[in-house]
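Number of protein chains: 2
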Amino acid sequence: MTSLFDGALNHLEPSSLTAFAGNDLIRDSEHRDEETVAAALKTEGAHIFAFCEGNLILKHDGQIVDPLFSRYELVDLLPDWDETVLLGHRRNGEPRLAVPLKVPEESLASHFKVVDGRTLYRDELMDEALLGEFAQAASLIRWNRDNRFCGRCGGAMELRIGGYKRACVSCDHMIFPRTDPVVIMLVIDEARDLCLLGRGPHFAPGMYSCLAGFLEPGETMENAVRRETLEEAGIKVGRVRYHASQPWPMPHSLMIGCYGQALNTEIHRDEKELEDCRWFTREETLEVLERPGTNGKASPPKGAIAHRLMRDWVERKL
Amino acid sequence: MTSLFDGALNHLEPSSLTAFAGNDLIRDSEHRDEETVAAALKTEGAHIFAFCEGNLILKHDGQIVDPLFSRYELVDLLPDWDETVLLGHRRNGEPRLAVPLKVPEESLASHFKVVDGRTLYRDELMDEALLGEFAQAASLIRWNRDNRFCGRCGGAMELRIGGYKRACVSCDHMIFPRTDPVVIMLVIDEARDLCLLGRGPHFAPGMYSCLAGFLEPGETMENAVRRETLEEAGIKVGRVRYHASQPWPMPHSLMIGCYGQALNTEIHRDEKELEDCRWFTREETLEVLERPGTNGKASPPKGAIAHRLMRDWVERKL
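Protein chains in written order, with this note's numbering: chain A, -8 to 309; chain B, -8 to 309.
Calculated directly from the structure, the hints in this document are not laboratory data.
Be a bit skeptical, because a hint or two may be false.
Chain copies aren't distinguished; within one or between two, either way the pair holds.
Pairs of lysine to aspartate or glutamate residues, derived as DMTMM-like cross-links and limited to a Cα-Cα distance of at most 20 angstroms, are as follows [to be verified]:
#1 227 <-> 306
#2 156 <-> 137
#3 308 <-> -3
#4 156 <-> 171
#5 93 <-> 149
#6 263 <-> 24
#7 93 <-> 26
Okay, chain A solo, but in the shape it has when bound (with noise of 0.2 angstroms):
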């Protein structure tokens, strides 16, 4: 009997191979009140993630890192514990929450580290799992933070049912986290047999990724994959191929990565968005990747999602 899920992907599951993706937290978030929370902050066995301005603590004692602090092990950081963040728990019954930290970075001893989410991933310092619930901390505690004051009526604030709800306390009005939806594409040229890759101005010498775009609103996942790759490089797209997604929390998107039908050859470069954009062969594309140097630097890094797309269409993986 053929299944509905069989054909393309008799492979793992591309979006289980990124970076970000491993988060397993039984979260719960829809049947949560503020005791949910601090049951979960007093719990033997609850481990918290610590922000300071947006970025990760961690603790690190020669070779072993760890990013995981009991409660105790907060108090002279100042920890704000009115911005809270309840995660979800762990298959094992143990809380994971995350604090953002009123001390300033500066302050902090040395044997405290403050990184960011490119780093931990790149560096690859947490596994999958932490690294997938540090994704869903970092984007609640950055959402929570750019959150303080009410957009309809300027008024305070409060943080709700574990950093899943904010609640105006002069107008009542209520908003709840935000993910931002991102089109990631490899354009494909099936007669030729070549994929379109460019670089950013910023990017490291003979670095060459996907393009990419925020979704608009309004707009399907397959237009706007059409839309980002007509006005960065000037190349219409027929059918358009979901792949995989990836979270993304710098500071809280969804990577939504596709693969698109070229239908035209000659590439019109939007001169602001990229510095260079041109077609690779399978065997240009692998060496893109496999370039040696640091990893993720002169190419799109085996978490990432562009590296995904990239690898499984050399790979014939599809």
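Please build the complex by placing chain B on the supplied structure of chain A, with the hints as guidance.
Below, chain B without anything else, positioned relative to chain A:
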């Protein structure tokens, strides 16, 4: 030669068959400045959607229903030109804009009709292209309206580049339009050839539809489908297959439609979210879709992505 884009989809792109997907404007939102917007407003042929407290104003004169105003037709309705949204340009060069009115709804003359997005598409009051432009307009008008003040400092925020950015006059913080990804899924029990449908407590009698929920920060699409289905119905989902997406301007979502592979059969319904949830045969699903009665009241209407997922499964168009 086989194509990457063959196989699954030798039909029309399913996303193109959903309501609100027909927007064909050239948006060029990344290449505008304040003068682009001022110039568009002065251009001959500029047409404007007018919103009153978040709903659309239609001119209706007997049989004809018209949502497009010239600048001069709006003068008496107190348009808030500082909050003008530039949607883009039509292929013939005509600008399309949207503006909120300061006039209260009860002061509108009787030849104006105030409608919400659901009514517009259920009652088929506009063609697909206009409905798509409306979706973009409604999403942007609502987002701008919800962000008059800065979330970081509480200062006043001003609209920029036709509603695609807001900037704080006090701290210079900038924000960009938001689109909320929602997963909506038809979960299939392949061994028994059944699909999983549920009904919310506010559904019309007999109405059943796909399960759905907001994608959370730090989650892939596939994991969101699995989490929501498990939370709402107690059904574990294995593989997930993307089918179609739809802009949903109530207020500014992106519906991401997927099929999910059921791994168990016994339903444990979330009683807060669902009044009923059960397995349907193809025949029963078709019966839900074709139930007599007002379009969209007793069944998901044609343009709804739930309708698309259900019908394409019933008709084996996958």
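For each hint, the structure was consulted:
1. With identical chains, the CA atoms of residue 227 and residue 306 are never at most 20 angstroms apart, being 25 angstroms at best within one copy and 31 angstroms at best between copies.
2. In this assembly of identical chains, residue 156 and residue 137 lie within 20 angstroms of each other by CA distance both inside one copy and across copies; the values are 13 angstroms within and 15 angstroms between.
3. For the homomeric pair residue 308 and residue -3, the shortest alpha-carbon distances inside one copy (13 angstroms) and between copies (15 angstroms) are both at most 20 angstroms.
4. Within a single copy, residue 156 and residue 171 get their C-alpha atoms as close as 17 angstroms, and across copies as close as 14 angstroms, so both meet the 20 angstroms cut-off.
5. For the identical chains of this complex, residue 93 and residue 149 are intra-copy neighbours only, at 17 angstroms inside a copy versus 30 angstroms across copies, given an alpha-carbon limit of 20 angstroms.
6. Taking the closest pair of Cα atoms, residue 263 and residue 24 come within 20 angstroms of each other only across two copies (15 angstroms); inside a single copy the shortest separation is 47 angstroms, beyond that limit.
7. For a Cα distance limit of 20 angstroms, the shortest separation of residue 93 from residue 26 qualifies neither inside one copy, at 24 angstroms, nor across copies, at 42 angstroms.
When held up to the earlier numbered hints, the structure conflicts with 1, 7 and fits the remainder.
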